[in-house]
Amino acid sequence: MSRIPAIGLRLVQLLPVLIGITIVTFLLVKLSPGDPVRLMLGDRATEETVAAVRAQLGFDLPLWKQYLSYAGNLLQGDLGQSIRYRLPVLDLILGVMPRTLFLATYVLVLSIPATVILSVVAARHAGKPVDQIIRILSVIGMTIPVFWLGIMLARFLGVELGLFPVSGYGDGFIDHLHHLFLPALSTSVWLVPMLVRNLRASILEQMEADYVVASRAKGLPARYIFGRHILPNSLLPTLNLLGVMIAFLIGGSVIVEIVYAVPGLGGLMIEAVLARDYTVIQGLTLFYALGTVIVTLSVDLISTWIDPRVQL
Amino acid sequence: MSTSTVAPLVSIRNLSVDIVAAGSAVPAVRNVSFDIMPGDILGIVGESGSGKSVTCRAVLGLLPAAARLSGQILFQGKDLATMAESEMEKIRGRDISMIFQNPSSHLDPIMKIGAQIGEPLRQHQGISASKARAAGIRVLEDVRIAEPERRIDSYPHQLSGGMKQRAMIAAAISCGARLLLADEPTTALDVTVQARILELLKGLKESRQLSIVLVSHDLGVIAQLCNRIMVMRRGEIVEQGETSTIVADPQHEYTRLLIASQPGRRQPAVRSTATHAAPILLAVRNLVVSFPRPAGIRETLTRSDRTFRAVDEVSFEVRSGESLAIVGESGSGKSTIARSIIGLIRPSGGTLHCDGQDVTALTGDALRRFRRSAQMIFQSPYDSLNPRLAVGEAIAEPMIQHGLMTPKAARHRVGELMEMVELSPDLARRRPHELSGGQCQRIGIARALALSPRLLIADEITSALDVTIQAQILDLLRRLRDSQRLTMIYVSHDLAVVRTFCDRVAVMKGGRIVEMGEVSDVLGQPKEAYTQELLASVPKLFGADPVPVEPQHA
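Quick mapping for you: the protein sequence lines, in order, are chains F and G. Residue numbers for the first sequence follow the working numbering, beginning at 201 and rising by one. Residue numbers for the second sequence follow the working numbering, beginning at 173 and rising by one.
So that you can see chain G by itself, here it is in the shape it has in the complex (with noise of 0.2 Å):
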């Protein structure tokens, strides 16, 4: 699409940006060049810290005060990164806009919809705030939100995560600009909302000739949406090019690590032992978890019914060895069968069977003896852990509470576990926020293993991570199965991991198990409808097919 004769419509000239904290600068963008041509979708992917996002920032001035700027940022034949305060809000908005992460937090909760959508028409065409309102209902039309002259007078609490990120874009073009800075627009959301939004980006770039620069830590996001791809590292681009000459044969290390650390890359791990026969280890009937819905007044009043099913008859078993997965969008349900198995929440009806006990009857040291065979590890891995308390001290004290230990063979037995998770004994003393996202969510597998649990649960423990990382820790605890003979309940929203990662998969819909087997059959061949919406909506590196699964079973 670009080509030399085209001029181009941004172009960053040696850009660099420190950011100045207690007297010494941290460089966050180092000498960065490239050109943002018409009709370009460009992608900047790179991981948290790669100066991704504060490069799209920087185009726009929206840097934090701290910010040391140097560099050009050529637009229309003038230097955005000189230019004064009051003359880049005419740019802002007018010409350039920008869409951000979380659409929850970047609309201000207090004010319509409407009014927020408007506020760039009335401040770039000076038009009066009814004439504001008919644009407004216009652009929610463009941006696909159903119903728009009642959803124009809605506050954003009334609207969902994939609403509020369309009225955000919606506020973003609304004056005709002629690049979108979006800065990972679909992070926060479901996966088939975030194929919805990526797909209207690309509808409005067609029929709005939009070009759209695309931050985002998800190469499959960039590489389904982008037509050239620009990979970040501390700040400097390693690599940039046409997205299938990139994807398809990278050249800097960086990059074919990114690409071989995507999860749909892996090979899932053919397991050596057979499960079919292993005995049942944990049996879930009929599980029920209700939570009181927050009440109105009117509902008190009207006795109408106020519990809302987060699970809502569940039943499936796990067999000893066996690595199930529980997939399913935000709210479905899955994280509280987590929760609910390891006791955390009480279920409101349906059995829970361990190993032939009844787990939700059990008292005492019985239940206590319980938890220690069911041991979870959490999705983010700093707020898991006491910020007080080194990590060694951490590991060591499920030991010690339960009395399994005294705090001296505690000690030994924490360097054990630290190498178990393959990190150096030496971190012990160390404090969580000392440690790396990857080196704390190790502490949080190390706790969770040093009470020798036959079942490990895992919450969504990559989501937090990059994907580099992400993939070490799978790998850590695919060695860590094996070794330890661990069955695991695998929760998660990402489909990718879970292929290659577990034997059977249960998907999750509105509290309810809508389809369940062998990785293979339901990834494979979806039988449901909505087991096929997920899987299509999964970015792909590649644009075509998902990797082939290997024939799981010899």
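Looking at chain F on its own, in the form it has when it is part of the complex (with noise of 0.2 Å):
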């Protein structure tokens, strides 16, 4: 089966939703409350003024015609001026995005293989004490809220024991994993038991399988049916949940990075709001739907290549 062209059918079957994107938020700023014009130039503005800026920025043109030039402006790479620093959008949101993804790589590396350990340990002592004591756990690590136990870690690990910094970001590759410990673990501690759930119950399920018998009577050991068969027919249902789940996660990077001052897309999502900078928020949307369309994107990808009965 050929997979390339497939992928590619797939990336065209991408474009209408990439324009709708485009357009959703383009009527974001246009149908927000406030005008744009008087909140860059102030009250004391005279109406002339404002209408000269308004010609001036193509705020007069009919709507269509500003969503393309806006359009065109994307593709150029231009998500317009933040409004209240004067600075371009994209250089703003390209300053501070690797810290986020660098914090959301740190979760998912803490947490994926906490993941598949804590299942496969609760699956094979499943109603066994083990199992249990993971179950509360969860249910614990669920419950708690992020920005909680954000502020109960820092205290703890991070001002009474000093072992971690509890805010900012670090200079250098080990000096970040020093300084994003606190918020990838407290992140971790609220992914990880979901997707425990999740993939134990999936490994309960194929654990009951009829190829498990079948794989048995061919004289295969436990511990090799249980690696080279049920956890990859496992994963799936987990894998789309952690797609589903790390789309949150950026979107959910804001309290974090609040509470440990880590200053991502998250702050600066903060920052825009408070300070209604609509080009701004108008960019982080963008980039936000963008990062969910690629996550699903490969998601799907990684099914295919797990499941081969998967279709693109």
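Honestly, I wouldn't trust all of these hints.
Here are a few chain G residues that face chain F, going by a calculated C-beta distance under 7 Å [claimed, not checked]:
id: 1; residue: 234
id: 2; residue: 264
id: 3; residue: 279
id: 4; residue: 329
These are computed hints drawn from the structure, not numbers from a lab. The beta-carbon is built from N, C-alpha and C at its ideal position, and this holds for glycine as well.
Quick one: dock chain against chain with the hints and give me the complex.
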């Protein structure tokens, strides 16, 4: 089966989605209350100045013309100017994005092995004390609010024990790891239980599958059957859940980033919202949407790689 | 073949298996002893719950964790019953291997066939992946899969049911096993495919000096392949011996019942009423039913034809009081026809006339009236009943829904209907899971009869039932058909049942009717090659020609 053309077609299918996203982000600013020109110029500007700036920025044109020019600018990588900072939005976003991506990757690196290990242990000892302990910890992890856990971890591991910095991003890779450990941990504590519940159930279901008995009848050892047959077959539902969660994570980075004062996308978003910096909000929305599209596409691609029955 | 001087391959002595559930032990196999001789094809026949599969799995130590086993399973001087798991793993797949009923679920869906066939080779002989692949291609040739070099890289879902079963057999024999345990290996397959798999097993027995234990509910399959038969019931062996002896001269009452229940054994009912002159009740003209094909992106873009014709220009008539059989293999469109007649599926073309009315054009009250006159009985008795509804309510439901009766009157009528299907009205308060499969199917029939239909459509109604139950249900239907003057459409893959139960038969393949006519003509002297192949594939209990069909009309 040729997978390359299928991927190409899938990308073509994404075009309408992307166009839809740009329309929504465009309207987002147009429909929001308040006049951005007023916001730029301040309350004391005269009507004439406002009108002149409006004409200069093209805000007096019909909506569809404005959209076309917006879309044209997007194609050239121009997301407009931040109303507050008077800097290109793209530069602002690209400037802080690596930190958020670093944090998100960090969360995944912590969460995925933990999820697999805990799920396997829980499923192999289903109903036994180990499984019960994992279940109780999962419920606790899911019910603790991330912001509270963040504050508590910062207080005890950070301030009292001085093991980790409680704010900032640090310089250099190792320093990033050190600085972002607590934010990544508090996010993982919330993410892992959800994935564990899902994967554990999926493993238990696959352990009952007929091909497991057939594999035993071939003389294959239990450990091999588990690793080579049961686990790969169990991953798919959890992978799909993970995809949704990652999309959530990018948007959900706001809380952790604020609690730990990590200057990432979340911090930028809060600032932009408070300052009514519409062009930045618009740019961030576009990035979040793009991120979700990319994550979904990746999950689908990985799914076809794991399970040949899945069609793109 | 087996003489007393040859040592048995496997000796089973006093084997008992209890399944422990909720603190109490339910016996699944009781004190069973038998030998498997080299070169044997031993058939174990029995109905569901007879312990035949459990016995088979016990030999390989594949029982569920809740099973408690006692007795001896002697193989090459060792007792498999007490053997450690690590020792057992060396025997499984190398000396003794097993194949299963449903090849689709017993193969790992996300692993290539080649890798799955290579697994036992790599495990037991420690050979490299590339050598295992080469060996796998040779084994695929042995199980007669065409283009083995290409097929070895297929995933299970890319193969047909028959090919999947061949692949499973290939994995089982790849290490040169001495004994193959085959647990209902053909039950999920179409009859023509079944015939080819059985032939393959017979060939492998000769070419590889393989002994085979064949577990089946189908005495016909067993009799066709096996030299020895063991009949099991309720965990016990009731009779064992040479096939010819058991079939010709069964000693045990239960064996006699099994043989008598075989559909081919029953004489066709001589129908009292000649139906030739009766008016046409249902006329189907050029019926087409299309389904959308699951479309990939490529098909969407190229706008290629995305419909699949499950039923392709089919025409037939059913006369009042007649029983028409629609036979064919899976995917032939037979059930789709049945469903489109009662309006569960909307036809994409053609007409359906019932009593001169165009059924596809009916709306409102007229449609409700038509639905009352045509009722259906379904394949799986459990799945077609709401598990939370008492069966009496299930029978009463259509009468109340159609506004024919008050709930009180309906309750009285339920009692009558249950007696009509030979069930005690006391069972009306039970839920479906508290009844047996046969009882549930009787409930299904009672519910279909509740609206006093003229046309009764039976869709594979006996294929989920044990053969003795199947015989009882068919007897019941025969009586009801006569007393209620029912017109029937009987959809089935089982030619033996059709032969004794129906007046006319339509043979379907690929959505079309290939041959249609009187049962005695079509199944007696089939004209079409496909009908001949179907008939030749039906396992015969006596190895001879099918039981002669008596003339239907005086």
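Each hint tested on the structure:
1. 234: Holds, about 6 Å.
2. 264: 4 Å, holds
3. 279: Constraint on residue 279 of chain G satisfied, holds at 6 Å.
4. 329: 5 Å, holds
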